[in-house]
Amino acid sequence: MTTGDYHFQRRQAQRPPGSGFEFSAWFFMRVSGVLLLVLAVFHLLYMHMVIRVENINFDTVVGRWTGPWGVFWRLYDLFLLIFAMAHGFNGSRYIIDDYIRWRGVRVAFKTVSAVIAFVLWVMGAYIIFTF
Amino acid sequence: METTLYNIFSMLRYRGREGHWAWVLHRVSGLGVMLFLLLHITDIFLLAFGPNVFNTWLFLFKAPPFRVMEVFLIFGVLFHAVNGLRVILLDFAPGLGRYQHVIVWVETVIVAIVFVPAAVITLAPLFG
Ligand code: HEM
Ligand code: HEM
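Those protein sequences? They're chains A and B, same order as listed.
Using our numbering, the final residue of the first sequence is 120, and nothing's skipped along the way.
Using our numbering, the final residue of the second sequence is 413, and nothing's skipped along the way.
The hints are simulated quantities; they were obtained by calculation from the structure and are not laboratory data.
By construction, the Cβ of each residue, glycine as well, lies at the ideal position given by its N, Cα and C atoms.
Incorrect hints may have been included.
As the list claims (entries may be wrong) - Some chain A residues close to chain B (C-beta under 10 Å, calculated; not the full set): (1) Phe12; (2) Ala14; (3) Trp15; (4) Val30; (5) Leu33; (6) Arg41; (7) Val42; (8) Phe47; (9) Leu64; (10) Tyr65; (11) Leu67; (12) Ala73; (13) Ser81; (14) Ile84; (15) Ile117; (16) Phe120.
Let the hints inform the model, and build the full structure from the sequences given.
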């Protein structure tokens, strides 16, 4: 193994898939990864070190969404929601493909995870714009 | 079933060097964060039921066992983020592959520098 051995086990990941859907998915994982590096890490550290988990309650969350920076935080949360779910959902699809060999079960897992992803996207977007 | 178990166990067998362990951790942390995210969107959705419901359920997240779980979450997100960046770098600049053992150690240091203070802040309330 030369340069490729940093994650040589995943068949699909060994080198970028040539073209088509799998290439787009591969590329999306990298673009969304860079975005999440900012969005998710900042969210996590902000919640822990600035707001502090002890202080989170209904009023602080709704206050942030309706306050002077409300539009910013709503869009921030929306982007985080869209990209984290899409990235995590596609990542789960890779894992399902790698470990579940029996076709019927694999299709079932993928269908259930797609339904869960869709429902959570709708729930997450709905709550951001409720207040 | 057998092949699945075999695959999962063989993943734990020593295969490469740092790169292999980084790959296993990347997978486990990615899946773990995804599972947390499912729970998290559900808990934020509880806002729809008003302050009473939301504030009552939130006590869960402030309970000591959850604070400990949170430390795992912080580690998972940080590791996955920094390691993901390494994977992206190596994909677009394969020439760096020559230094990959060094890069893995640099990565470990970066994760540790951010993780330790965040973990201390998260656990501090447990010790008064
Ligand atoms: C914080 C910044 C993040 C970066 C830089 C990042 C980067 C990456 C990269 C480069 C991959 C590899 C894709 C491939 O093998 O083709 C990946 C896989 C994955 N990511 Fe992320 N990611 C981040 C955040 C997240 C988050 C928040 C989640 C959960 C919602 C997540 C879940 C996953 C999963 C489940 C995989 C599949 C793992 C595998 O195939 O072994 N990632 N990530
Ligand atoms: C334990 C650590 C975390 C805490 C305490 C926390 C806290 C919160 C809070 C209070 C909100 C409400 C919105 C706001 O106030 O801006 C929120 C929303 C959100 N968080 Fe987190 N968060 C944590 C970790 C994460 C992680 C690791 C991710 C990404 C994988 C994430 C993704 C999101 C998303 C997508 C939303 C929008 C939810 C929705 O639309 O329903 N959070 N978080």
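These are the hints, each one checked on the structure:
no.: 1; hint: Phe12; in the structure: violated (12 Å)
no.: 2; hint: Ala14; in the structure: violated (14 Å)
no.: 3; hint: Trp15; in the structure: holds (9 Å)
no.: 4; hint: Val30; in the structure: holds (5 Å)
no.: 5; hint: Leu33; in the structure: holds (5 Å)
no.: 6; hint: Arg41; in the structure: holds (8 Å)
no.: 7; hint: Val42; in the structure: holds (6 Å)
no.: 8; hint: Phe47; in the structure: holds (4 Å)
no.: 9; hint: Leu64; in the structure: violated (16 Å)
no.: 10; hint: Tyr65; in the structure: violated (13 Å)
no.: 11; hint: Leu67; in the structure: violated (12 Å)
no.: 12; hint: Ala73; in the structure: holds (6 Å)
no.: 13; hint: Ser81; in the structure: holds (6 Å)
no.: 14; hint: Ile84; in the structure: holds (6 Å)
no.: 15; hint: Ile117; in the structure: holds (9 Å)
no.: 16; hint: Phe120; in the structure: holds (8 Å)
Taken one by one, the earlier hints fail for this structure at numbers 1, 2, 9, 10 and 11, listed in ascending order.
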